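Take these sequences, add in the hints, and give me the full structure.
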Amino acid sequence: LSSVPLQILLYVNGIYYSFYFLATLAMIIYKSQVFSYPDDFLAPDLALLFVMAILEVLRLYLGSKGNLTEEEAPLGLSLVITVGSVILSVYFLVWQTYVLKADVILNAVLLVTYGLESALKVVAVAAFV
Amino acid sequence: MAAALKLVALLLLLLLLPLRAAEPSAEPTASAAGPEAPPETRAAAQAPPPVTDVAKLCVCDLLVAQCDVNCCCDPDCSAADFSLFTTCSVPIVTGDSRLCSQKAAIYSLDVEANPPERIFKLIDQVNPSVFCIHATNYKQALSFSPAEMPTSENFDQLLKRFGSATFSAEPDSWNMNTDAQNPSDANDTYRYEYGVPIQTVDAFLRLPSPVVSSWCSDANPAGFLVNQATKCTRSVSVEECGNIQAVSMLFYINSSILAVPRSSQMVNIQVQSIVVQSLNGMRTLLNGSDVVRLPMILDELCINIVLGVSYHITYTDAGEIIEAAAAFVLGAINKEALSIQQSFEISFTQVNTTPVPLSGNPGYVVGLPLRAGFWPQGSGIIQNTNRYSQLTILQSTSNQDCLAAQGARTPVLFGYNMVSGCKLRITAAMKCQPLTQILLDLLKGQSFPEYVASFGNSQAQDVLDWVPITHLRTSEQSSCQIPVALEIEVKWTKYGSLVNPQAKIVNVTATITTTTLKQLPSGRERTIPITSSVVFTDISSPAEPGYKAWPTINVKLPFDFFFPFV
Chain W
12 LSSVPLQILL YVNGIYYSFY FLATLAMIIY KSQVFSYPDD FLAPDLALLF VMAILEVLRL
72 YLGSKGNLTE EEAPLGLSLV ITVGSVILSV YFLVWQTYVL KADVILNAVL LVTYGLESAL
132 KVVAVAAFV
Chain A
331 MAAALKLVAL LLLLLLLPLR AAEPSAEPTA SAAGPEAPPE TRAAAQAPPP VTDVAKLCVC
391 DLLVAQCDVN CCCDPDCSAA DFSLFTTCSV PIVTGDSRLC SQKAAIYSLD VEANPPERIF
451 KLIDQVNPSV FCIHATNYKQ ALSFSPAEMP TSENFDQLLK RFGSATFSAE PDSWNMNTDA
511 QNPSDANDTY RYEYGVPIQT VDAFLRLPSP VVSSWCSDAN PAGFLVNQAT KCTRSVSVEE
571 CGNIQAVSML FYINSSILAV PRSSQMVNIQ VQSIVVQSLN GMRTLLNGSD VVRLPMILDE
631 LCINIVLGVS YHITYTDAGE IIEAAAAFVL GAINKEALSI QQSFEISFTQ VNTTPVPLSG
691 NPGYVVGLPL RAGFWPQGSG IIQNTNRYSQ LTILQSTSNQ DCLAAQGART PVLFGYNMVS
751 GCKLRITAAM KCQPLTQILL DLLKGQSFPE YVASFGNSQA QDVLDWVPIT HLRTSEQSSC
811 QIPVALEIEV KWTKYGSLVN PQAKIVNVTA TITTTTLKQL PSGRERTIPI TSSVVFTDIS
871 SPAEPGYKAW PTINVKLPFD FFFPFV
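From first to last, the protein sequence lines are chains W and A.
Taking the numbering used here, the leading residue of the first sequence gets 12, the next gets one more, and so forth.
Taking the numbering used here, the leading residue of the second sequence gets 331, the next gets one more, and so forth.
Source of the hints: derived by calculation from the structure; they are not laboratory data.
Check the hints yourself; a few may be wrong.
Pairs of lysine to any residue, SDA-like flavour, derived with a Cα cap of 20 Å [claimed, not checked]:
| # | chain 1 | residue 1 | chain 2 | residue 2 |
| --- | --- | --- | --- | --- |
| 1 | W | Lys112 | W | Tyr28 |
| 2 | W | Lys112 | A | Asn457 |
| 3 | W | Lys112 | A | Val399 |
| 4 | W | Lys112 | A | Val460 |
| 5 | A | Lys433 | A | Phe461 |
| 6 | A | Lys469 | W | Val105 |
| 7 | W | Lys112 | A | Arg428 |
| 8 | A | Lys561 | A | Pro591 |
Quick partial rundown of chain W residues pointing at chain A, CB under 10 Å, derived from the structure [claimed, not checked]:
| # | residue |
| --- | --- |
| 9 | Lys42 |
| 10 | Val45 |
| 11 | Phe61 |
| 12 | Ala113 |
| 13 | Val115 |
Label-pair ranges, simulated between beta-carbon atoms [what the hints assert, rightly or not]:
| # | chain 1 | residue 1 | chain 2 | residue 2 | range |
| --- | --- | --- | --- | --- | --- |
| 14 | W | Phe30 | A | Pro405 | 48 to 56 Å |
| 15 | A | Val456 | W | Ala37 | 19 to 27 Å |
| 16 | W | Phe32 | A | Thr416 | 54 to 62 Å |
| 17 | A | Pro476 | W | Val23 | 45 to 53 Å |
| 18 | W | Phe32 | A | Pro476 | 32 to 40 Å |
| 19 | A | Asp440 | W | Ser29 | 54 to 62 Å |
| 20 | A | Leu393 | W | Ala37 | 25 to 33 Å |
| 21 | W | Phe30 | A | Ser427 | 47 to 55 Å |
| 22 | A | Ala477 | W | Val23 | 48 to 56 Å |
In this text the structure is predicted, and so the values were computed from the model without any measurement.
Each residue gets a CB set at the ideal place from its N, CA and C atoms; glycine is no exception.
See the structure below:
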């Protein structure tokens, strides 16, 4: 049976991630205006944000598909992509050029969500196998 | 399930660790900017290392090894100094306030305690905003980048980037070949204008003046209508007596002045007078001084050396020079002299006029002497010809003895409050009446004027423009009153437009304070202080705004407005 908590979490994650993406993009624009943000620091940050968005879309699609069709392959792939997303989230939490308090809050919530999701995915994979 | 939960917990812990590790790196990276001195430290000067420790930073500590007043962070101040402060001029020193948490040093004075003491607190200031900088991985973000030190390698490149012209090498007016540039002015008549260098046949009329050091530079041209007086040093020696151009009279009167710029009309410089100064400084005016005296050696002295030149130029109101005269001071030098001081002066007079120096036009100018005089019946105001002797007060001398002052007076200058005084020794033998007279003469001087000009350019014939001096005497009723203080209070007001107010004197009051002279037992003596002062008070009332009248509504209804009913 598909895991309902996982599905709810994936849905909430989708909404939260859209908010996260817009907020982080707005804050990078704000930082580039207010602080001294040279181009060779701005480019990697923006690139990684867009990469993270793509990964997130992929991850949520695969996770949702795997959960609903009760197949472990997409779920496993989604789990692997989650690792990448976690690393990117940690990058935005720790290694970004300017880490504002708002960044810390957003990324912390995202990481908690990822953690919960990963746990539920593991449980779901165990159930489907 | 329990194992899964444990796995989740472990995962969460692993993920939260980086969050905590982020805290220490949130220290302001400004402290890392310290050792950022450029690596090329090859004997060239380095910028001093930046101070970033908040507890050590003190902007008001300006005096080295001395306590600055009201500077609570000054390390040179002791507890005794702090007890004298009234406030702290620098209450808080913080790092960059955009960081989420930064160190702050707070200085305050505890005035309740006796004696007042300084309180120093080092706290962590928290920025409550959600957009405060938690951490930054860009080292140069929070401090100014140190400028590149110019060395022999990067000098050319820095010069190309930042160099630009500050001064032009020569002013345009030095260039004599301007005919090609202004063909349209060929038929205009030229004339001198204020500040334009006076042209001579070969170059410009020189007024040697000190440039950077006190040595004379001959490249200073005299400007038309610019009254100048300069003093500079020239190096001389007896051996070079006839060779140094600049100490011979010819150098100054050789070239004729052009009457108008770029014309061929020439005005020769006449020798007006020659004063000869001997080695001990005594000056004698020579008679029949039309002859040019050149330096020559006489008895191991080099005589006829120019020590001073005073040019007098007469001009017309069309900007044309019609006469030029020079008065010389010639001196002598002996073998030991290595340099002499030359003084130069130039003054301009309009033809058919006699210059009268004003103290302002129309309002008084600060620093110029007050114009004052007497008004005998039937004529205008009579003034002393010396503008600095028209209204004077006692001048303090170094020995402070009133009777030995020998009548030294100092002029009253507009806007300058002055106090002067001396000490008078009274013996028992002095009688009241002569003493009173002596002191009055001392305080007021020989001819204390009765009227003071209200404007700096008041004419002597306009008597109504002059303000009478009011005399006040404060005295007690007793036997012998001697004057001990004279206070002149000049009340002035601002007159005229708000944009350019002129000073106008409204009232002058001279107050004499007297004191009782007590009889002294014989043989004893007393010293009393005598003071005189001048005070300028601004009594101008503040400007009142003038408003236009409110517009009125002028409504009149036509007479048949209420037609059917009227």
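Tested hints:
no. : hint                           : in the structure
1   : W:Lys112 x W:Tyr28             : holds, 18 Å
2   : W:Lys112 x A:Asn457            : holds, 10 Å
3   : W:Lys112 x A:Val399            : violated, 41 Å
4   : W:Lys112 x A:Val460            : holds, 5 Å
5   : A:Lys433 x A:Phe461            : holds, 18 Å
6   : A:Lys469 x W:Val105            : holds, 14 Å
7   : W:Lys112 x A:Arg428            : holds, 11 Å
8   : A:Lys561 x A:Pro591            : violated, 27 Å
9   : Lys42                          : holds, 9 Å
10  : Val45                          : holds, 8 Å
11  : Phe61                          : violated, 20 Å
12  : Ala113                         : holds, 5 Å
13  : Val115                         : holds, 5 Å
14  : W:Phe30 x A:Pro405: 48 to 56 Å : holds, 52 Å
15  : A:Val456 x W:Ala37: 19 to 27 Å : holds, 24 Å
16  : W:Phe32 x A:Thr416: 54 to 62 Å : holds, 56 Å
17  : A:Pro476 x W:Val23: 45 to 53 Å : holds, 49 Å
18  : W:Phe32 x A:Pro476: 32 to 40 Å : holds, 38 Å
19  : A:Asp440 x W:Ser29: 54 to 62 Å : holds, 55 Å
20  : A:Leu393 x W:Ala37: 25 to 33 Å : violated, 50 Å
21  : W:Phe30 x A:Ser427: 47 to 55 Å : violated, 29 Å
22  : A:Ala477 x W:Val23: 48 to 56 Å : holds, 52 Å
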